[in-house]
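With the sequences and hints as input, model every part of the structure.
One line per chain: the protein sequences are X and S, in this order. In the numbering used here, each residue's number is its place in the first sequence (first place is 1) plus 264. In the numbering used here, each residue's number is its place in the second sequence (first place is 1) plus 281.
What the hints contain is simulated information worked out from the structure, not anything from laboratory work. All the pointers check out, no bait thrown in.
Facing chain S, a subset of chain X residues (Cβ under 8 Å, in silico):
(1) 276
(2) 277
(3) 283
(4) 287
(5) 298
(6) 312
(7) 345
(8) 348
(9) 351
(10) 358
Calculated lysine to aspartate or glutamate pairs in the DMTMM-like style (CA-CA distance at most 25 Å, straight line):
(11) 272/X / 355/S
(12) 449/S / 299/X
(13) 485/S / 296/X
Even for Gly, the Cβ is constructed at its ideal location relative to N, Cα and C.
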Amino acid sequence: MREALEGKWTGNQAAWWGVKEGAIDLVSMAADVPEDTKKRVEEIKTGLKDGSFAIWKGPIVGQDGKEVLAKDAVADDKFLGGINFYVKGVEGKVPSGK
Amino acid sequence: MTDFSKRSVIKLAALTAIAAAALVGCGKKEEPKAEAPAAAPAKAEPLKIAFAYVGPVGDGGWTFAHDNGRKAIEKEFGDKVVTSFVEKVPESADAERVIRDMASQGNKLIFGTTFGYMEPMLKVAADFKDVKFEHATGYKGAENMRTYDSRTYEGAYMAGVIAGKMTKSNTLGVVASIPIPEVIRNINSFTLGAQSVNPKIKTKVVWVNEWFNPPKETEAATSLINGGADVLFQNTDSSAVLQTAEKNGQACLRLGQRHDRLRPQGPPGLGHHQLGAVLRSGRARGA
Numbered sequence: 265m266r267e268a269l270e271g272k273w274t275g276n277q278a279a280w281w282g283v284k285e286g287a288i289d290l291v292s293m294a295a296d297v298p299e300d301t302k303k304r305v306e307e308i309k310t311g312l313k314d315g316s317f318a319i320w321k322g323p324i325v326g327q328d329g330k331e332v333l334a335k336d337a338v339a340d341d342k343f344l345g346g347i348n349f350y351v352k353g354v355e356g357k358v359p360s361g362k
Numbered sequence: 282m283t284d285f286s287k288r289s290v291i292k293l294a295a296l297t298a299i300a301a302a303a304l305v306g307c308g309k310k311e312e313p314k315a316e317a318p319a320a321a322p323a324k325a326e327p328l329k330i331a332f333a334y335v336g337p338v339g340d341g342g343w344t345f346a347h348d349n350g351r352k353a354i355e356k357e358f359g360d361k362v363v364t365s366f367v368e369k370v371p372e373s374a375d376a377e378r379v380i381r382d383m384a385s386q387g388n389k390l391i392f393g394t395t396f397g398y399m400e401p402m403l404k405v406a407a408d409f410k411d412v413k414f415e416h417a418t419g420y421k422g423a424e425n426m427r428t429y430d431s432r433t434y435e436g437a438y439m440a441g442v443i444a445g446k447m448t449k450s451n452t453l454g455v456v457a458s459i460p461i462p463e464v465i466r467n468i469n470s471f472t473l474g475a476q477s478v479n480p481k482i483k484t485k486v487v488w489v490n491e492w493f494n495p496p497k498e499t500e501a502a503t504s505l506i507n508g509g510a511d512v513l514f515q516n517t518d519s520s521a522v523l524q525t526a527e528k529n530g531q532a533c534l535r536l537g538q539r540h541d542r543l544r545p546q547g548p549p550g551l552g553h554h555q556l557g558a559v560l561r562s563g564r565a566r567g568a
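Pasting the structure below:
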């Protein structure tokens, strides 16, 4: 937007913003949510911001029981962009292609 | 029914995971300091900006959020811009027609806010080289087209942590939209978040195959509740899931987008540009 106005816009880019960039936040947690849970959510946010916490960090096991991410391995964006399986605990099948 | 009181259920329903998608270009952060623009245009015509929306602006979710972003752009840039939008643009050949019209009408920056506009936008972009195209959540770009997206799975994970703590049945339900990687990733992230605090979690999923279809979303939510899910998460756009959950005394988390404030505390280069924070109800992606 600003770049377009200032003539700095360039194509062929992909922006993917998260908690770290201030693009994702969780707000207005209901009063019913227990304190420790709220605290945990805050910890996660802090961890995502400073990079000390990764959601997609192994070991993560797929629905079929096979490991999809080895222990301590952290998924990169390419991995995240191609997820087409369910992790263990999700029931049913991933619908095949659109 | 869980034993949540009705009152607490309503409050729970107010839980919102906010995925704020910055609509506007904060470019690559690593970009070296640009030289001063060679020559600023002597007199600036207002930049015409058009938005193609998949849903109605009143959906309270993805489209609503984008439209708030559009309004925020108007507010911030004043007479430097002229904005317009077309709502309820189907993800079909119609999209190409609408987007082509926008380009023909002199819009120089066009936002396509859903995944399904990717191919139509690419086609139009190839014909209008002097128009810039911003596409939400896709994976193809061009010289004059780029994509923007937000890591909604982070919100999904946090919603999962809460759901995992709140559930009594250890069964969660997701009303899912269209089976693209982002939505599948959100279901997984939601589940991983829940399992991080409650290893017994099982997640049931019902696919609606649309972003916005209140009757189908209601049906999906009802079937999940009947199947034992006591906390629902929606990755679709309407408020139907929330309403169904409320009616049945269940909790519901919406992953949504909401434009609730400009964020002065954002990181350098981004905060200021964060015009359109969107809160999507349960939906991961502006498809």
